[in-house]
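Taken in sequence, the protein lines are chains C and L.
Numbering-wise (my numbering), the first sequence opens with residue 358 and increments by one.
Numbering-wise (my numbering), the second sequence opens with residue 358 and increments by one.
Any given hint could be a false lead.
Chain copies aren't distinguished; within one or between two, either way the pair holds.
Straight line, CA to CA, 25 Å or less: simulated SDA-like cross-link-like pairs of lysine to any residue [as the list claims (entries may be wrong)]: (1) Lys398 x Met547; (2) Lys474 x Ala411; (3) Lys384 x Glu614; (4) Lys459 x Phe539; (5) Lys398 x Gln444; (6) Lys474 x Glu415; (7) Lys459 x Lys474; (8) Lys474 x Ser530; (9) Lys384 x Leu540; (10) Lys474 x Arg397; (11) Lys398 x Ala442; (12) Lys459 x Met547; (13) Lys474 x Pro368; (14) Lys459 x Gly430.
Simulated from the structure, these hints should not be mistaken for lab results.
Predicted, not measured: the structure shown is a model, and the values here were computed from it.
Number of protein chains: 2
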Amino acid sequence: MDTTTADSALPRARGIDRVIDILECLKENRTPMTIGDISRKIRAPRSSTYEIVARLAEAGMLEIDNANRAFFGRAIYFYADAYLASQPLLRHGRSEVLRLAKVHGETAQLCMLVGNKYTVGFMQPGASLFRIISEIGVLVPIPWTASGRLLVGGMTPDEIHALIPDEDFRLPSGRTIDFDSFLADVERGMKANVMMTVGLSDTYTCCLAAAIRDERGHPIATLCFMIPANSEQARAQELLSHLNEAAARISSAMSRELAE
Amino acid sequence: MDTTTADSALPRARGIDRVIDILECLKENRTPMTIGDISRKIRAPRSSTYEIVARLAEAGMLEIDNANRAFFGRAIYFYADAYLASQPLLRHGRSEVLRLAKVHGETAQLCMLVGNKYTVGFMQPGASLFRIISEIGVLVPIPWTASGRLLVGGMTPDEIHALIPDEDFRLPSGRTIDFDSFLADVERGMKANVMMTVGLSDTYTCCLAAAIRDERGHPIATLCFMIPANSEQARAQELLSHLNEAAARISSAMSRELAE
DNA sequence: ACAGCGTGTCCAGTATATAGGACAACGCGA
DNA sequence: TCGCGTTGTCCTATATACTGGACACGCTGT
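Work out the full structure: start from the sequences and follow the hints.
And the structure:
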C-alpha cells in the first residue's frame with residue numbers, strides 16, 4: 358500500500374515525503390478527504406498533517422472545501438497543463454481518444470507503460486451502456502491487457518522476463534498465463550501492430566489495441582477500445598482497423614514534429 | 358517575481374517551500390530547466406535543489422530528460438486528472454471550448470477569477486492565422502479583459518473596489534480606466550450576460566465573452582472568443598450569441614448535477 | 001596549456017521543522 | 001445527562017534537513 362517510503366519504522370519524516378504521501382493518498386482516494394483521514398491513511402501525526410496541508414493549500418496545490426476536506430487544487434491543474442504541452446504523445450493521444458470515442462461510440466483509451474506496469478493515460482467513456490472502470494494512472498500488470506502485449510514489442514524474451522514480475526502473470530481469475538504463449542502474442546502483435554484479447558482482466562471485456570510507435574519503430578503507447586466480450590467479430594475487426602489508422606496518424610505526426 | 362515566500366532575507370527555507378518554488382518556477386518557464394538554472398531562479402543553494410529535485414523526480418512529480426533538465430512529470434498529470442474529475446466547471450468548460458474553437462474556427466477560452474486576478478483556465482487556438490498568446494494560469498488584472506467585467510457581476514461597487522488593486526486599472530498601453538465607466542460595463546454585462554471589448558489588453562484584439570453562472574445566478578466563469586479587432590460587427594454578434602448559448606448550457610448542466 | 005565557468009557529489013554544523021501531547025470545543029449515542 | 005471519539009489549535013524539545021563550502025570533473029575560449 359505504501360507507495361513511497363516509510364513503512365513500519367517511525368523515524369521523523371521529511372516534509373517533502375509527507376507532501377508526496379498526501380498527494381498519492383488523494384490520488385488513490387479520488388475524492389476529498391478530511392485531514393484526520395489523511396493523517397491516518399499516511400500514518401502521519403495530525404499536527405504535521407495540518408501544517409503541511411495548510412501550506413499546500415496556501416500555494417493552491419490543494420483546496421479545502423467548506424466541509425474542511427482537502428483535495429487537489431488549481432495549481433496542480435496549471436502544472437499539468439504545462440506538462441501536457443511538453444508531451445506530444447499525450448496531446449495527440451488525447452484528441453484521438455476523444456475522436457474515437459465520439460465517432461465509434463465505444464470507450465477509448467490511451468495506454469502506456471510506467472516502469473514495469475501498464476497504465477491508462479487518458480480515457481473517454483463510450484456512448485453505450487457498457488462501461489469500463491479503469492481509472493487514469495492506476496498501475497496494472499502488463500500481461501493482463503492487450504496493450505501490454507504490444508507495448509513490450511521489440512524487446513527480447515530475456516528483457517521481457519526481466520521486466521515483468523512473475524506474479525504479474527497470474528490473472529485476477531487465478532489462472533496463470535504461460536510465458537511462451539505470452540511471447541507468441543507479443544511477436545504477433547509486433548507484426549500486425551494490433552492485438553485483441555477477450556476475457557483477460559475480467560470475463561466480460563474484449564480489449565482491442567493498436568500500437569503508436571516512435572521514429573525508430575518502437576511501441577511507446579497504444580490506443581484501445583474496450584467492448585463487450587460477446588461483440589461480433591466483424592465489428593471488432595473494423596474497430597481494430599480504425600485504431601490502427603489513428604495510431605499511425607499519431608506516430609507520423611510525432612516523427613514529423615521531432616524532425617522540425 | 359517571487360510568487361510565494363522568501364525574498365530578500367535568507368533564513369533557512371523549508372523543503373516544502375522549495376518544492377513550491379520549484380514547481381512555480383517551472384510553470385512560469387514552461388520548458389525544462391537545468392538544476393543550476395532552477396536554483397538561481399528560486400535563489401536556493403544548489404545542494405538543496407539537487408536534493409529536492411531528485412526526490413520529486415523519484416516520486417514522478419518531475420522528470421529529468423537526457424540533458425539533465427527537469428520538468429513536470431506524469432504524477433502531476435494524474436493528480437490533475439483527479440482534480441478535473443472533481444470539477445464539473447472545468448470538465449464541461451473544456452469540452453465546450455474545444456467545440457467552440459472547432460465549429461467557429463476562432464480561439465476560444467474558459468476564464469475565471471483566481472483571487473483578485475483574471476486567468477485563463479483552458480484555451481483552444483482557432484483555425485485562423487490570428488493567434489492569441491495568453492497562457493493557461495497566468496494572472497491578469499481584471500479590468501484588462503471583457504471576462505473580468507462579467508466575473509465581478511453581482512458584487513457591490515464597494516466590494517469591487519476592495520477587490521481590485523488601483524494599479525490594475527492602468528492598461529499596458531498606459532491609459533487608465535475610469536472606475537465609474539468600469540462599473541457601468543459591469544452592470545450592463547450583468548444584464549446582458551455578454552460583453553465585448555476592443556483593444557483593451559492590446560490594440561489588435563477584440564474579446565467576446567459570456568458568463569457561466571452558478572445555481573444562484575452568480576457568475577463563476579466565462580467562455581470567450583479572441584478575434585481580430587477589425588472583425589465585422591455582425592460576425593461578433595453572432596459569436597456572442599453562440600457563446601451565450603454554450604455558457605447557458607454549462608450553467609444548467611452544473612445546476613442539474615448539483616441537484617442530484 | 002591554462003584559466004574560468006558550470007556541473008554533480010559529498011560532508012559536517014546548526015537552525016528549525018516535525019513529533020507528540022495537552023487542551024477546549026464539538027457531535028453523537030446511550 | 002454524561003461519556004467517548006473526533007476536530008482544530010497551540011506549545012515545547014530534539015532529531016535532522018538544509019546550508020555552505022570544498023572537491024573533482026568536463027567544458028570552452030584564448
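Structure-based check of each hint:
1. Lys398 x Met547: neither (42 Å within a copy, 46 Å between copies)
2. Lys474 x Ala411: For Lys474 and Ala411, the Cα distance is within 25 Å only across copies (22 Å; inside one copy 33 Å).
3. Lys384 x Glu614: For Lys384 and Glu614, only the inter-copy Cα distance (23 Å) is at most 25 Å; the intra-copy one is 32 Å.
4. Lys459 x Phe539: Cα proximity of Lys459 and Phe539: none, with 32 Å in one copy and 43 Å across.
5. Lys398 x Gln444: For Lys398 and Gln444, only the inter-copy Cα distance (24 Å) is at most 25 Å; the intra-copy one is 32 Å.
6. Lys474 x Glu415: between (34 Å within a copy, 16 Å between copies)
7. Lys459 x Lys474: neither (28 Å within a copy, 36 Å between copies)
8. Lys474 x Ser530: The answer is within: 19 Å in one copy meets 25 Å, while 54 Å across copies does not.
9. Lys384 x Leu540: neither (33 Å within a copy, 42 Å between copies)
10. Lys474 x Arg397: Close neither inside one copy (28 Å) nor across copies (37 Å); limit 25 Å.
11. Lys398 x Ala442: between (33 Å within a copy, 22 Å between copies)
12. Lys459 x Met547: The answer is neither: 28 Å in one copy and 35 Å across copies each exceed 25 Å.
13. Lys474 x Pro368: neither (30 Å within a copy, 43 Å between copies)
14. Lys459 x Gly430: Answer is neither: 29 Å inside a copy and 29 Å across each miss the 25 Å cutoff.
Checked against the numbered hints above, the structure breaks hints 1, 4, 7, 9, 10, 12, 13 and 14 and satisfies the rest.
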